[in-house]
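Positions -28 to -1, 1 to 40 (mature numbering (1 follows the signal peptide of the UniProt record, and there is no 0)) are the ones given, in order, by the sequence shown.
Heads up, none of these hints are tricks.
If you anchor each label on the Cβ, the simulated ranges turn out as follows: (1) Ala(-13) <-> Ala32: 17 to 25 Å; (2) Tyr37 <-> Ala8: 35 to 43 Å; (3) Gly(-16) <-> Gly17: 28 to 36 Å.
Read the hints as simulated data drawn from the structure, not as lab findings.
Just so we're clear, the structure is a prediction, and the values are computed from it rather than from any experiment.
We put the beta carbon where it would ideally sit given N, CA and C, even for glycine.
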Amino acid sequence: MAVNAAPFNGMVGVIALIFAVILPMIHAAGLAPAPAPALAPTSDGTAIDQGIAYILMLLALVLTYLIH
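Kindly produce the complete structure, drawing on both the sequences and the hints.
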(Lines of atoms letter the chains of each structure in order from A and count residues from 1; the text may use other names and numbers.)
(Lines give C-alpha, C1' and ligand atoms only; values in the text may rest on other atoms or scores of the structure.)
Protein backbone atom coordinates (compact mmCIF):
# COMPACT_ATOMS: atom_id res chain seq x y z
CA MET A 1 0.00 0.00 0.00
CA ALA A 2 1.43 3.38 -1.03
CA VAL A 3 1.43 6.41 1.24
CA ASN A 4 0.53 9.81 -0.23
CA ALA A 5 3.48 12.06 0.70
CA ALA A 6 2.12 15.24 -0.94
CA PRO A 7 1.08 16.95 2.35
CA PHE A 8 4.49 16.21 3.85
CA ASN A 9 6.28 17.74 0.86
CA GLY A 10 4.42 21.01 1.46
CA MET A 11 5.37 21.04 5.13
CA VAL A 12 9.00 20.35 4.25
CA GLY A 13 8.89 23.36 1.92
CA VAL A 14 7.43 25.61 4.61
CA ILE A 15 10.00 24.44 7.17
CA ALA A 16 12.81 24.95 4.66
CA LEU A 17 11.55 28.48 3.96
CA ILE A 18 11.52 29.26 7.67
CA PHE A 19 15.06 27.97 8.08
CA ALA A 20 16.24 29.87 4.99
CA VAL A 21 14.74 33.21 6.04
CA ILE A 22 14.57 33.34 9.82
CA LEU A 23 17.76 31.61 10.93
CA PRO A 24 20.20 33.83 8.97
CA MET A 25 18.50 36.92 10.41
CA ILE A 26 18.87 35.56 13.94
CA HIS A 27 22.49 34.66 13.33
CA ALA A 28 23.33 38.06 11.82
CA ALA A 29 21.59 39.89 14.65
CA GLY A 30 23.63 37.99 17.22
CA LEU A 31 26.94 38.99 15.66
CA ALA A 32 26.17 42.66 15.00
CA PRO A 33 27.57 45.17 17.49
CA ALA A 34 25.08 47.23 19.44
CA PRO A 35 24.43 50.61 17.79
CA ALA A 36 24.89 53.84 19.69
CA PRO A 37 21.65 55.28 21.06
CA ALA A 38 20.07 57.83 18.75
CA LEU A 39 19.14 61.25 20.04
CA ALA A 40 16.03 61.57 17.88
CA PRO A 41 13.91 59.17 15.82
CA THR A 42 15.69 58.41 12.56
CA SER A 43 12.85 56.82 10.57
CA ASP A 44 10.29 58.86 8.71
CA GLY A 45 7.55 56.26 8.71
CA THR A 46 8.20 55.09 5.16
CA ALA A 47 10.37 52.22 6.37
CA ILE A 48 7.69 51.22 8.86
CA ASP A 49 5.04 51.24 6.12
CA GLN A 50 7.27 49.15 3.86
CA GLY A 51 7.91 46.65 6.66
CA ILE A 52 4.19 46.29 7.32
CA ALA A 53 3.58 45.82 3.58
CA TYR A 54 6.20 43.04 3.41
CA ILE A 55 4.65 41.27 6.39
CA LEU A 56 1.17 41.48 4.86
CA MET A 57 2.47 40.18 1.51
CA LEU A 58 4.15 37.25 3.27
CA LEU A 59 0.93 36.52 5.17
CA ALA A 60 -1.05 36.58 1.91
CA LEU A 61 1.46 34.22 0.31
CA VAL A 62 1.23 31.76 3.20
CA LEU A 63 -2.57 31.89 3.25
CA THR A 64 -2.73 31.36 -0.51
CA TYR A 65 -0.39 28.40 -0.20
CA LEU A 66 -2.44 26.86 2.61
CA ILE A 67 -5.79 27.39 0.86
CA HIS A 68 -4.67 25.85 -2.41
